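> One-letter residues, chain by chain:
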Amino acid sequence: MKIWSTEHIFSYPWETVIKAAMRKYPNPMNPSVVGVDVLDRNLDTNGRLHSHRLLSTEWGLPGVVRAILGTNRTMTYVKEHSIVDPEEKKMELCSTNITLTNLISVDERLVYRPHPENPEITVLTQEAIITVKGVSLSSYLEGLMALTMSANARKGWDAIEWIIQNSERENVPLCDLC
Amino acid sequence: NSVGEGCTDLKREYDQCFNRWFAEKFLKGDRSGDPCTEFFKKYQTCVQKAIKEKDIPIEGLEFMGPSKEKADS
Numbered sequence: 001m002k003i004w005s006t007e008h009i010f011s012y013p014w015e016t017v018i019k020a021a022m023r024k025y026p027n028p029m030n031p032s033v034v035g036v037d038v039l040d041r042n043l044d045t046n047g048r049l050h051s052h053r054l055l056s057t058e059w060g061l062p063g064v065v066r067a068i069l070g071t072n073r074t075m076t077y078v079k080e081h082s083i084v085d086p087e088e089k090k091m092e093l094c095s096t097n098i099t100l101t102n103l104i105s106v107d108e109r110l111v112y113r114p115h116p117e118n119p120e121i122t123v124l125t126q127e128a129i130i131t132v133k134g135v136s137l138s139s140y141l142e143g144l145m146a147l148t149m150s151a152n153a154r155k156g157w158d159a160i161e162w163i164i165q166n167s168e169r170e171n172v173p174l175c176d177l178c
Numbered sequence: 001n002s003v004g005e006g007c008t009d010l011k012r013e014y015d016q017c018f019n020r021w022f023a024e025k026f027l028k029g030d031r032s033g034d035p036c037t038e039f040f041k042k043y044q045t046c047v048q049k050a051i052k053e054k055d056i057p058i059e060g061l062e063f064m065g066p067s068k069e070k071a072d073s
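Protein chains in written order, with the working numbering: chain A, 1 to 178; chain B, 1 to 73.
Keep in mind that the hints were calculated from the coordinates and are not lab data.
The structure presented is a predicted model; accordingly, all values stated were derived computationally and were not measured.
Just so you know, not all the hints are guaranteed correct.
Calculated pairs, SDA-like style, for lysine to any residue (alpha carbon to alpha carbon, straight line, at most 25 Å) [said to hold, decoys possible]:
1. B:Lys49 - A:Arg53
2. B:Lys52 - A:Val33
3. B:Lys49 - A:His52
4. B:Lys41 - A:Ser51
Chain B on its own, in the form it takes in the complex (with noise of 0.2 Å):
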């Protein structure tokens, strides 16, 4: 489940999809880029909005935004 309640479907649909791309793509050494991105942002919006509304101190933690591109490797 999310921090935020409301998150956990977006979680979800993101979770599958990473798990995939982990699993399919990055552990055999598949470099080519994250198809995840557009779920993340989703979640992510929703996820940082809970952290807000619950006080949970994450300061220090770097985080992207979710605007902000992902590095290339």
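Isolated chain A (complex conformation) (with noise of 0.2 Å):
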């Protein structure tokens, strides 16, 4: 089992980043994110609205990644469930694979918040729980595994403040460029 966690600033306001971060994808830095749909939903009665996603993605796992787990399958699927609270100025994604389950569990945690000394800039706190099952090479897997989220990470930052970017650019409303 391998623990990996971090953490990003992004230098826009609270609702500027989780209005990127709910349209997250597509985007240029993530091309293995290939379908995302939402499965539900709903206000809760403390007025949170929670999400349930599911995403598709590409793995484009290396070779010998696939050779060791046994698997030529490259397309997996994650879901994924998001609480926003826009009182507490919270949003919380909390995310698995339920594809590849009988090798390698993947559950990761997002929760970006405004920076508790400056509200003007954004704080996502990252972190994930990887374990790969029944295999030898276990604890090396993970390891790349975690290099992988790593790297994968910086894209997604990336990928957010290139949507906040490229909105005030073309000064036009976000959801205009879905």
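Starting from the two chains in their separate frames, assemble the complex, guided by the hints.
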């Protein structure tokens, strides 16, 4: 089991960042996410918005990893539950893979909040628990996955920035770029 | 894109409606209900069918069928 966590700062207010986060895909930095579908969305009694989404990813696992894991499947699916609390200004996302679960489990959690000392910037804390099951070299593979996630996290942060900047440049409401 | 190739247009319509509501109403504290329900229903009917056809294992996820009412906040 490998635990990976990181923190990142966006130089934009929380509302701007989460509007971009809600429409993060597609983006040029994360080409492996090829599909996003909303399965359910509702408001709870505390006024928080819950969304359940299905993400389709074309992983592009390195050939050696696929050989070890014994699979040629490249399309994997991830379910994501997000909660947006507009009063507390907190957006939390939890995701986990729902395919290849007999081989690997990646549970990821992201939380976006305004910076406690500066409301004009936003802090993202991101963590993942990675477990490779039932094969030798599992800690090695978990380490590889953590590196991949770290690289993907950076791309994810660039993606949010890209979405924010593109909408500002084109001077259109974010949703018109969908 | 949608997991169901034929659903992408319905998804885009729903997404546009949602993103507008999210930015202009929800984040500004306006709780006046979701105007996107009809778009969502059409989109969901398409997506649920694609998920079944592709055998994607989403059991355990709570999801609403198209006929359920959304809870009020």
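> Please list, smallest to largest, the hint numbers that this structure does not respect.
Of the numbered hints, all hold.
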